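Position chain B relative to chain A; hints supplied.
2 protein chains.
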Amino acid sequence: MMKKVCIIGIGLIGGSLAKAIKKTHQSEIVFGFGRDRTRLEKAQKGNVIDQYSTDIGEALDGANMVIIAIPVGSYESILKEMKPHIAEDMVISDVGSTKVSVIEAVKAVFDGALDNFIPAHPIAGKEKSGFEVSGADLFVNKKVVITPLENNNPESIKMLTKMWKGVGAEVDFMTPQSHDDLLGMTSHLPHMLAFSLVNYLISQHPEASVYAAGGFKDFSRIASGDAIMWRDICLHNRDAIVAHIKGYQESLNVLVDAIDSQNKEQLESLFREAKNTRDSWID
Amino acid sequence: MMKKVCIIGIGLIGGSLAKAIKKTHQSEIVFGFGRDRTRLEKAQKGNVIDQYSTDIGEALDGANMVIIAIPVGSYESILKEMKPHIAEDMVISDVGSTKVSVIEAVKAVFDGALDNFIPAHPIAGKEKSGFEVSGADLFVNKKVVITPLENNNPESIKMLTKMWKGVGAEVDFMTPQSHDDLLGMTSHLPHMLAFSLVNYLISQHPEASVYAAGGFKDFSRIASGDAIMWRDICLHNRDAIVAHIKGYQESLNVLVDAIDSQNKEQLESLFREAKNTRDSWID
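Those protein sequence lines, which keep their order, are chains A and B.
For the numbering used here, add 17 to where a residue sits in the first sequence, where the first one is 1.
For the numbering used here, add 17 to where a residue sits in the second sequence, where the first one is 1.
Chain A with its partners taken away, still in its complex shape (with noise of 0.2 Å):
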């Protein structure tokens, strides 16, 4: 068992990982660090954590563990605070939804490498955020992705992957840039689809969403994701991000091609391909 994990913002993801070290034991103490007291105090009431600080020499003496979990605009200014307070033996990592902007901002504040730094990317998420909708089952049967960087400690990259598969987590290896180019695709994409139809049905109708169906709010439920969060990943795997809206257009040209010309077997391969392909997934 650890003595101390820390955990660097309380909200979805940190107050779930929260929960789930505590549910499974496998530290002494969770603290929990922020900018806003109240709202700790509130999570440590609420057994998210068991203690807080907003002192970030306080939240990182003595921790075996510190996990990064606040939207990744904030690394680099948070890196820079916790630069001082890091011990020699200190498992950092965070849960990031890029891993390559990451690992530049930690390059960039540690003059090149912080081999304590592991970059993580547990693929979880609801449409809420905030501590309020944590819970310690979020990880369970879900995928963590570790980018593990040349000069990490194996020791270190063992203990990481205990603590998520200690949670429930199946945990993968991958690049960097592998990372941020799947998750462009599998997530980001599916995230920006999202938003631009609610936007454009917005400038459309705005009474529109009273005519749709179950379908159109499932779709449109990763639309209510936290707008400061999705702000920075766009900024942060651009290039994925932009690369995939572009090649997802031309499927879309396909399509649009196929129904213009009244093309009925086209549209009935490309509608039975998607069917029995997205079947097969959740089988």
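What the hints contain is simulated information worked out from the structure, not anything from laboratory work.
Be careful, since some hints might not be right.
The list treats identical chains as one, so a pair stands whether inside a single copy or across any two.
Stated by the list, open to error - Here are the simulated lysine-lysine pairs, PhoX-like style, with alpha carbons at most 25 Å apart:
| # | residue 1 | residue 2 |
| --- | --- | --- |
| 1 | K234 | K145 |
| 2 | K160 | K143 |
| 3 | K292 | K234 |
| 4 | K234 | K143 |
| 5 | K59 | K175 |
| 6 | K263 | K39 |
| 7 | K281 | K124 |
Because the structure is a prediction, the values reported are computed rather than measured.
Okay, now just chain B, sitting in the frame of chain A:
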């Protein structure tokens, strides 16, 4: 109470309507017509319908109300078969997802007009098809859009409205053109986007779904719709669907430009507006 309601096509919607009419005691007999005797027998054994026939004359004989619940691409052929068996006081309606083309099919078969036919569309569905997934409560609190024709008998419109309200639906009236444009936006467009997303992901990465979070699964749910039904909807609401996809692509281009130019403020406001709108729709 009606004596006999005949439902043409016992799939998800036809089967659900059959169950709902039985449950709310609106007809002495709910009669099913279809092509496949084995399926109809199964539906009867499952208490979806009371009686059935594969003979259209027998199916329509004595029916007060006939509801067509097959893909819109098959209307013209079924209407031709129905033609010799339609009684003067029979209320005929449908559940098709497009209305302008349905009315054209009616006019083509009936030399300009069939005054008994009142086009309608319940906005309800599931990603699965077949009466096996049907339910008597499918239409509760769902919208049904009726797009009456000039020569429809007001009493017949009342009867149809009463039937739909009887199964729990809210009935709205609009023109066929408004219906097709609105549904092109709120239903057909999201389905086209979801089908295209799945097809794009397949083309990029066969294992993509493994790294997809819950949002993606919700989003892609509607890509499991029936291929024939969606092919027909595309062919029958071509202009509206193509126009909405093109309009949507412009929204997507605005987003791409904001990402490309790293416009933080615009990204945040695009996402915030989508989130606020979406949240207000769901409340």
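To see whether the hints hold, each was checked on the structure:
1. In this homomeric assembly, K234 and K145 come within 25 Å of each other (Cα to Cα) both inside a single copy, at 15 Å, and across copies, at 16 Å.
2. Only within a single protomer do K160 and K143 lie at most 25 Å apart by alpha-carbon distance; the minimum there is 15 Å, versus 28 Å between protomers.
3. In this homomeric assembly, K292 and K234 come within 25 Å of each other (Cα to Cα) both inside a single copy, at 19 Å, and across copies, at 13 Å.
4. In this homomeric assembly, K234 and K143 come within 25 Å of each other (Cα to Cα) both inside a single copy, at 15 Å, and across copies, at 12 Å.
5. Taking CA atoms no more than 25 Å apart as the test, K59 paired with K175 passes in neither setting, with 33 Å inside one copy and 56 Å between copies.
6. For the homomeric pair K263 and K39, neither the shortest alpha-carbon distance inside one copy (43 Å) nor that between copies (50 Å) is at most 25 Å.
7. Within a single copy, K281 and K124 get their C-alpha atoms only as close as 54 Å, which misses the 25 Å cut-off; across copies the closest is 23 Å, which meets it.
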